[in-house]
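These protein sequence lines are chains A and L, in that order. Residue 47 in the working numbering sits at position 47 of the first sequence, and the numbers go up by one each step. Residue 1029 in the working numbering sits at position 29 of the second sequence, and the numbers go up by one each step.
Worth flagging that the hints you see were computed from the coordinates, not collected in a lab. Only a predicted model underlies this, so the values are computations on that prediction, with no experimental measurement involved. We treat Cβ as the ideally placed atom computed from N, Cα and C, and that holds for glycine. A couple of the hints might just be wrong.
As the list claims (entries may be wrong) - List time: in silico DSSO-like cross-link candidates among lysine-lysine, alpha-carbon distance up to 30 Å:
id	chain 1	residue 1	chain 2	residue 2
1	L	1249	L	1075
2	A	131	A	21
3	L	1082	L	1098
4	L	1164	A	275
5	L	1075	A	217
6	L	1081	A	194
7	A	194	L	1236
8	L	1002	L	1161
9	L	1102	A	119
10	L	1081	L	1021
11	A	161	L	1217
12	L	1098	L	1228
13	A	259	L	1228
14	L	1194	A	217
15	L	1236	L	1098
16	A	194	L	1082
17	L	1228	A	131
18	L	1249	A	228
19	L	1081	A	259
20	A	194	L	1259
21	A	38	L	1275
22	A	236	A	164
23	L	1259	A	249
24	L	1194	A	164
25	L	1038	A	217
26	A	164	A	21
27	A	98	L	1259
28	L	1161	A	194
29	L	1081	A	249
30	A	119	L	1075
31	A	75	L	1259
32	A	194	L	1075
To be verified - Only part of the chain A face toward chain L is listed, based on derived beta-carbon distances under 8 Å:
id	residue
33	128
34	129
35	216
36	220
37	256
38	257
39	264
40	268
In case you want the letters, here they are:
There are 2 protein chains.
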Amino acid sequence: MKIGIIGLGLIGGSIGLSLRKSESYRVIGYDRNEIHRKEAYENGLVDEVVSFQDVQDVDILFLAIPVDGIIAVLKEFDNLKKDTTIIDLGSTKSDIAKAIPKNIREQFVLAHPMAGTEKSGPLSAFNGLYKDRVVVLCDLQDSSDFHNRRAENIFSELKMKLTKMDSDAHDCHTAWISHLPHIISFSLANSVMKQEDPRSILDLSAGGFRDMSRLAKSSPAMWKDISKQNRENLLKSIEFFEQELASFKESIRDEQWDKLQDKMQFANRLHDILK
Amino acid sequence: MKIGIIGLGLIGGSIGLSLRKSESYRVIGYDRNEIHRKEAYENGLVDEVVSFQDVQDVDILFLAIPVDGIIAVLKEFDNLKKDTTIIDLGSTKSDIAKAIPKNIREQFVLAHPMAGTEKSGPLSAFNGLYKDRVVVLCDLQDSSDFHNRRAENIFSELKMKLTKMDSDAHDCHTAWISHLPHIISFSLANSVMKQEDPRSILDLSAGGFRDMSRLAKSSPAMWKDISKQNRENLLKSIEFFEQELASFKESIRDEQWDKLQDKMQFANRLHDILK
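Only chain A is shown next, with the shape it has when bound in the complex (with noise of 0.2 Å):
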């Protein structure tokens, strides 16, 4: 089976890997980007970086970009055949669905996997980043059930758990689960680096300062992209979040202790949801 991937940094190039593990696969990809296309063939993440032309023809196509590039790049495509199952990557869905070319439509399958790191570009991808994670598939009534079925085995073949929903419902979710976090972790960082010099930083930093600013480490264009692309529903979370955080503010401010305890108690409820 032959596989293209446009994007070859750690989501794309991690699905190189991974399949190319597998004698069953022939991998072919392609990047704007010069480096990248040199880093991924170098480092094994395809056989072959072929042209933006040759890397559509394929049985299954995976777009790998940021989900401002996968809406420019569907009205890109010149050398798509009928039966090539095109996947795309991109963390939010609705806009894309909305953006996809009434002919392609049945062929086009909306996934999210629910893996990724703060690092990005083609030297961070590796083998194992899809293994016993989630892939959200969405609006799988408007692709066909050929195209389904082989986007469903693909996945499998990563080792991926599925699961299925629409892209507005994703969209909210992920908002809550992934982006608002996102947006939280950036302004902690900016907070915390405008306050205290680097010394202390490094210093006073333990495990709980690295985990809440890891995520402040990730691609700036990826999430303006995400961010813009789900801007009603990030919005809507961070407001929600601005009046939680002033509810333990105002509890801390007046002196509430017990209040302020049975917040953080609730919150231990997470232990039950999240071993």
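For chain A, the structure is supplied; the task is to place chain L on it using the hints.
For chain L alone, coordinates are given in the frame of chain A:
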């Protein structure tokens, strides 16, 4: 050398475990919670569990209880010798520094090991918690050289890196780098649990949300105390963070995508501080 530990949870228990590996130390402990006393002994955190009176009869006495407890216990000592070094391990320092009775001030060393996890209790203690971590020693001018040297030696024995500052500076820095991140994590956990069902949280939380919400599992009793004792610094840091988050929100609301990307780029500088 005889070591006493008051409080046999994660912090005190891990000290016991580490020091017991060397034959030079005999470790005795006390905890006012009966179950903790039993668990601590059964899991080898101490050589012996003793009474509150007997635990004071040692060369070095560690106070490994929440900060309010430390201040309370300072008034209850009734069996201390003049050459016993007392080391508190609380997460805030100014209020404790003020509460130390004059007659034991010279033998008291204020320390804050920058180590811990979201877990608590004797069963969460582990050998290696302190290795290569920073310990902050405060107001050393107020303790005698003999006791300071002893404290430095015992932390070196635990393979910790020593940093010195005054207690007010400590509380200010830790508000930003440790206490603020905790309050944010509690608030994020509550926001998401109020808005999302457990199934979605479990399915969609990749590493990002897990990291950002880990601190929300921390002990409410301990973090209520810390918030109380570092109230003013903490309030200042929350307010500054609120402004920073509001500025991210405004860029998203007003669709100022370049501005948003600039702020994310600024956050990326953390790469240079925390590798």
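Does the structure keep residue 1081/L and residue 259/A at a Cα separation of 30 Å or less? Since the Cα atoms of residue 1081/L and residue 259/A sit roughly 40 Å apart, the hinted pair is violated (cutoff 30 Å).
Between the alpha carbons of residue 1164/L and residue 275/A, is the straight-line distance 30 Å or under? 37 Å, violated
Can the restraint linking residue 1249/L and residue 228/A be considered satisfied, given a maximum Cα separation of 30 Å? 12 Å, holds
Sort out whether residue 249/A lies within 30 Å of residue 1259/L, counting only the CA atoms. 28 Å, holds
Given pair status - residue 1075/L, residue 1249/L, alpha carbons within 30 Å: This hinted pair is violated, its Cα atoms lying about 49 Å apart.
What's the verdict on residue 1102/L and residue 119/A, does the C-alpha distance respect the 30 Å limit or exceed it? 53 Å, violated
Measure nothing beyond the straight line between the CA atoms of residue 75/A and residue 1259/L; if it is 30 Å or shorter, mark the hint as holding. 28 Å, holds
Agreement of residue 1082/L and residue 1098/L with the hint, judged by alpha carbon distance not exceeding 30 Å: 20 Å, holds
Taken at face value, is the distance from the CA of residue 131/A to the CA of residue 1228/L at most 30 Å? 43 Å, violated
Pair hint outcome, residue 131/A versus residue 21/A [Cα-Cα no greater than 30 Å]: 14 Å, holds
Regarding the pair residue 38/A and residue 1275/L, is the alpha-carbon distance no greater than 30 Å? Judged against 30 Å, a Cα distance of about 25 Å means the pair holds.
Taken at face value, is the distance from the CA of residue 217/A to the CA of residue 1075/L at most 30 Å? 47 Å, violated
Taken one by one, the earlier hints fail for this structure at numbers 1, 4, 5, 6, 9, 16, 17, 19, 25, 29, 30, 32, 33, 34, 37, listed in ascending order.
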